[in-house]
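As given, the protein sequences belong to chains A and B, one line each in that order.
Going by the working numbering, the residue at position 102 of the first sequence is 124; the numbering climbs one at a time, nothing skipped.
Going by the working numbering, the residue at position 143 of the second sequence is 331; the numbering climbs one at a time, nothing skipped.
Calculated directly from the structure, the hints in this document are not laboratory data.
All values derive from a computational prediction rather than experimental measurement.
Be aware that one or more of the hints could be misleading.
If you anchor each label on the Cβ, the simulated ranges turn out as follows [unchecked claim]: (1) B:Asp-489 - A:Asn-201: 19 to 27 Å; (2) B:Leu-192 - A:Arg-44: 39 to 47 Å; (3) A:Asp-403 - B:Pro-195: 25 to 33 Å; (4) A:Gly-409 - B:Ala-442: 45 to 53 Å; (5) B:Lys-500 - A:Asp-403: 26 to 34 Å; (6) A:Asp-307 - B:Lys-500: 54 to 62 Å; (7) A:Glu-288 - B:Ala-442: 43 to 51 Å; (8) A:Thr-284 - B:Lys-521: 54 to 62 Å; (9) A:Asp-41 - B:Gly-564: 52 to 60 Å; (10) A:Arg-361 - B:Gln-496: 53 to 61 Å; (11) B:Ser-562 - A:Ala-101: 28 to 36 Å; (12) B:Asp-472 - A:Thr-284: 47 to 55 Å.
A virtual CB, placed ideally from N, CA and C, is assigned to each residue, including glycine.
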Amino acid sequence: MTDFLRPETPEEVAEAIKDIGRPIGIEGGGGLKGLGRTVDEQCILKTDRLTGVVEYSPTELFVSFAAGTTLADAKAVLAEKNQRLPFDPPDLTHLYGSNAPATVGGVAAAGLSGPSRLASGAARDFLIGIKFVDGIGQYMHGGGRVMKNVTGYDLCKISAGAMGTLGVFTEVTFKVLPNAVAERTLALQGLDDFAGQAAMSAALKTPFEPVAAAHLPANIAERFEGISNSSQTLIRFEGFPDSLDYRTEAIRKHLQAENIITYDGEASAAIWSGVRDILPFQSPDDRAIWRISTAPTAGPDLVAKLQGLGGEAFYDWAGGMIWLALPPHLEAAGSAEIRSAIEFTGGHATLMRGPEPVRAVVDVFQPLAPTIMKLTKGLKDVFDPNGILNPGRMYADI
Amino acid sequence: MVMLPDPDPAILAAREEIIRDLRTIIAAVDGVIDHPDEIKPYETDALTAYKETPLAVVLPETTDEVAAVMAYCHSRGVKVVARGAGTSLAGGALPLKDAIVLGVSKMTQILEVDYDNRTITLQPGVTNLGVTDAVSGDRFFYAPDPSSQLACTIAGNIGMNSGGAHCLKYGVTSNNLMGVELVLPTGEIVRLGGKHLDAGGLDLLGLITGSEGMLGVVTEATLRILHSPEGARPILFGFKSSRDAGACVDAIIASGIIPVAIEFMDRPAIHATEKFAHAGYPLDVEALLIIEVEGSGDEIDAMLSRIQNIAKDFSPAYERVAKTSAESIAIWKGRKSAFGAIGRISPDYFCMDGTIPTGKLPEALDGIASICQSYGFEVANIFHAGDGNLHPLILYNANEPGETERAEACGGDILKLCVALGGCLTGEHGVGVEKRDLMTEQFTADELDLQRRIKRAFDPKYLMNPHKVFPLEATSMMEAAE
Chain A
23 MTDFLRPETP EEVAEAIKDI GRPIGIEGGG GLKGLGRTVD EQCILKTDRL TGVVEYSPTE
83 LFVSFAAGTT LADAKAVLAE KNQRLPFDPP DLTHLYGSNA PATVGGVAAA GLSGPSRLAS
143 GAARDFLIGI KFVDGIGQYM HGGGRVMKNV TGYDLCKISA GAMGTLGVFT EVTFKVLPNA
203 VAERTLALQG LDDFAGQAAM SAALKTPFEP VAAAHLPANI AERFEGISNS SQTLIRFEGF
263 PDSLDYRTEA IRKHLQAENI ITYDGEASAA IWSGVRDILP FQSPDDRAIW RISTAPTAGP
323 DLVAKLQGLG GEAFYDWAGG MIWLALPPHL EAAGSAEIRS AIEFTGGHAT LMRGPEPVRA
383 VVDVFQPLAP TIMKLTKGLK DVFDPNGILN PGRMYADI
Chain B
189 MVMLPDPDPA ILAAREEIIR DLRTIIAAVD GVIDHPDEIK PYETDALTAY KETPLAVVLP
249 ETTDEVAAVM AYCHSRGVKV VARGAGTSLA GGALPLKDAI VLGVSKMTQI LEVDYDNRTI
309 TLQPGVTNLG VTDAVSGDRF FYAPDPSSQL ACTIAGNIGM NSGGAHCLKY GVTSNNLMGV
369 ELVLPTGEIV RLGGKHLDAG GLDLLGLITG SEGMLGVVTE ATLRILHSPE GARPILFGFK
429 SSRDAGACVD AIIASGIIPV AIEFMDRPAI HATEKFAHAG YPLDVEALLI IEVEGSGDEI
489 DAMLSRIQNI AKDFSPAYER VAKTSAESIA IWKGRKSAFG AIGRISPDYF CMDGTIPTGK
549 LPEALDGIAS ICQSYGFEVA NIFHAGDGNL HPLILYNANE PGETERAEAC GGDILKLCVA
609 LGGCLTGEHG VGVEKRDLMT EQFTADELDL QRRIKRAFDP KYLMNPHKVF PLEATSMMEA
669 AE
């Protein structure tokens with residue numbers, strides 16, 4: 023029987039951790055439960071009662087939320103002031119069949135960034151302040167509320183994506199930016215993976231500043247409503263309307279592609295939220311899903327090498343982010359093949375969704391070189407000397 | 189004055205032996221410097237109030253040499269101060285008597301330019317401007333642009349997480365650094381990141397960026413390069429009050445425009461620069477804004493006219509749009525020569541580097557004025573207005589007895605004010621030795637202890653830059669407890 027702790031203040035989080043004396047699972051809403059290695063936990067601390075805006079200053083471009091604030095609420099608060107989280111955080115809870123809402127703390131802890139990561143930056147780049155409780159119940163802070171800050175070590179970056187293994191976020195502060203005035207997507211039709219990737223690289227080697235670039239092979243594209251059935255190489259622009267006209271026209275000329283469809287405004291936004299939230303892989307829900315980050319030009323090669331696994335893939339981040347769905351019941355969810363393919367291209371792969379027994383035995387996150395693992399263990403000891411925070415969720419012994 | 193720790197007499201006594209050993213590691217004849225005259229340039233950095241003569245200076249050329257030096261120093265218990273070009277304003281490269289300086293000035297090769305993946309891979313002694321120079325022929329550039337960019341190295345930029353005037357749009361070093369090869373204080377070599385985005389595992393790359401040479405020595409870096417914009421032009425505004433200037437910046441940002449740079453100068457800064465640079469700045473205003481936007485000629489015109497419309501609400505007393513690149517250069521000329529100009533009206537100055545939430549600008553300027561008045565110093569303020577990074581320049585005369593100490597105390601009070609207003613001690617220069625003893629203003633004892641333990645996870649013997657970033661007393665207490 024699992025115990026649940028649901029503290030309502032940072033002080034209660036600190037007290038709970040101080041007294042717990044045994045391994046404890048850390049969750050926001052619990053929607054990302056299926057991400058990570060399986061943890062043998064008898065007790066779970068949820069931050070879902072730490073909610074609300076702590077401070078929001080639209081003109082100073084920052085917002086601080088209690089960590090358990092849902093992503094949807096956070097976005098709504100920002101939308102009122104016509105602003106957004108520039109790293110475009112995805113809500114992936116649906117991958118795990120969960121109804122629990124994504125929280126801002128969970129987004130920060132998992133370090134999840136969407137399509138605009140390519141141009142704007144990642145969760146780790148926009149997480150400018152944290153308050154957290156470490157593994158011995160000390161309530162501390164890192165960063166602050168200003169976007170330029172080099173005072174001491176960057177605790178925000180080391181904590182972003184640490185999956186709650188270093189501390190329990192109680193408050194997260196993000197740099198925010200205004201919403202785009204308008205957006206437009208150019209969709210090049212019918213290119214294969216290699217040509218699609220080349221077109222995305224070509225678009226980025228211009229002064230016209232695409233903000234996102236994704237390639238959807240035909241079998242993936244057909245799952246999006248309202249777009250045609252051939253492959254789609256998507257290049258997204260944001261800005262003032264006159265500027266969009268100019269830039270998209272310039273890119274058209276530059277790419278010399280014949281078959282281009284334009285999506286404006288909401289139609290464009292709908293495509294990108296599908297890419298961001300990995301909607302093409304929503305069903306069937308028994309497939310293993312991998313997220314692979316590599317050099318953009320290496321993307322199509324990597325996918326070709328993995329073709330034998332019988333899965334399907336699409337590309338974000340100009341080809342550098344591969345979302346790969348593999349049939350169920352593959353040996354170790356295809357882990358060995360994927361890890362060895364990455365050896366050649368460089369990068370890292372995460373088994374975003376996989377059966378529990380697999381996640382108990384294979385590395386879900388990218389295996390680390392021995393020296394890096396030694397540093398990682400050293401850092402775990404610094405933040406959580408008793409090893410009680412989400413132990414094993416990221417790596418064995420971390 | 190900031191105290192430096194007492195040197196270890198055993199290490200000082202072993203100087204000859206240590207130099208001999210280092211000579212067996214470094215291949216080049218001039219790769220180990222021990223002659224007092226030749227060591228001299230390495231005794232200080234751009235925080236010239238402090239000087240110290242190190243044991244020796246080592247200038248390796250390869251990763252293997254760096255690794256061998258670090259492994260040797262680790263086993264022999266010799267402290268190491270890493271150095272780029274020595275342009276730190278915070279004393280980041282200030283040596284210790286019982287430390288060697290490890291300089292990267294001979295590691296200046298560009299290893300690979302990859303336009304398709306928008307990366308450049310290089311040795312860390314390449315200068316910041318050298319990166320852009322390597323790719324500008326193909327109309328690419330490296331975005332972070334600290335004002336020392338002609339001299340400062342990528343090694344130093346990574347160590348300090350350097351910013352610059354254009355980071356409002358493009359971010360600071362950590363947002364543009366894709367990967368490194370890093371030699372740990374133990375001499376072990378690791379690779380973090382690469383041509384792909386984000387790291388597998390914990391974000392060690394993010395942690396070492398801005399760690400002020402305390403966690404390792406970068407021997408290779410992969411940076412993101414971007415295609416240059418078609419053009420860029422600024423507009424210059426003068427305002428009757430800094431409050432109006434600040435409110436105008438807020439309104440521009442609220443409208444959805446993120447200019448590439450928004451620079452602010454106050455009256456003393458305007459007058460000092462105008463006197464020497466003759467940039468044609470208005471002299472009858474309290475605040476000046478330089479706002480630069482990028483794009484095609486038409487895009488720039490459209491954006492600047494949007495900005496002009498917004499600014500109308502704040503009744504600018506002066507307005508000048510750059511129509512040509514010559515006019516752009518003229519507008520930037522004053523701002524770019526501001527530090528030099530101040531250096532000519534005052535024998536010495538301290539350049540402070542706090543960050544404040546941008547809306548607190550008027551309060552900060554009032555507070556700074558009264559702090560400086562109470563110490564009897566003139567102050568000029570230069571401000572990266574878009575991101576809240578404030579550079580008050582305290583004018584003083586080091587030849588007057590006691591004045592350096594009073595100027596430091598004045599600067600300390602200004603930084604405390606920045607923290608009290610919700611900001612931080614340093615936005616882009618780093619803590620170094622300069623702001624080390626102020627860290628308790630921003631962090632609790634437990635928080636500083638946590639950060640020191642992070643250092644120890646990388647540097648178990650606490651040998652790299654041990655006198656930087658953390659208050660000395662606490663560090664030595666921790667030493668004693670170990």
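Cross-check of the supplied hints:
1. B:Asp-489 - A:Asn-201: 19 to 27 Å: Distance hint for Asp-489 (chain B), Asn-201 (chain A) holds at roughly 24 Å.
2. B:Leu-192 - A:Arg-44: 39 to 47 Å: 46 Å, holds
3. A:Asp-403 - B:Pro-195: 25 to 33 Å: 31 Å, holds
4. A:Gly-409 - B:Ala-442: 45 to 53 Å: 46 Å, holds
5. B:Lys-500 - A:Asp-403: 26 to 34 Å: 58 Å, violated
6. A:Asp-307 - B:Lys-500: 54 to 62 Å: Distance hint for Asp-307 (chain A), Lys-500 (chain B) holds at roughly 56 Å.
7. A:Glu-288 - B:Ala-442: 43 to 51 Å: Because 23 Å falls outside the window, the suggested range is violated.
8. A:Thr-284 - B:Lys-521: 54 to 62 Å: 43 Å, violated
9. A:Asp-41 - B:Gly-564: 52 to 60 Å: Distance hint for Asp-41 (chain A), Gly-564 (chain B) holds at roughly 54 Å.
10. A:Arg-361 - B:Gln-496: 53 to 61 Å: 56 Å, holds
11. B:Ser-562 - A:Ala-101: 28 to 36 Å: 46 Å, violated
12. B:Asp-472 - A:Thr-284: 47 to 55 Å: 50 Å, holds
In terms of the numbered hints stated before, the structure departs from hints 5, 7, 8 and 11, listed from lowest to highest.
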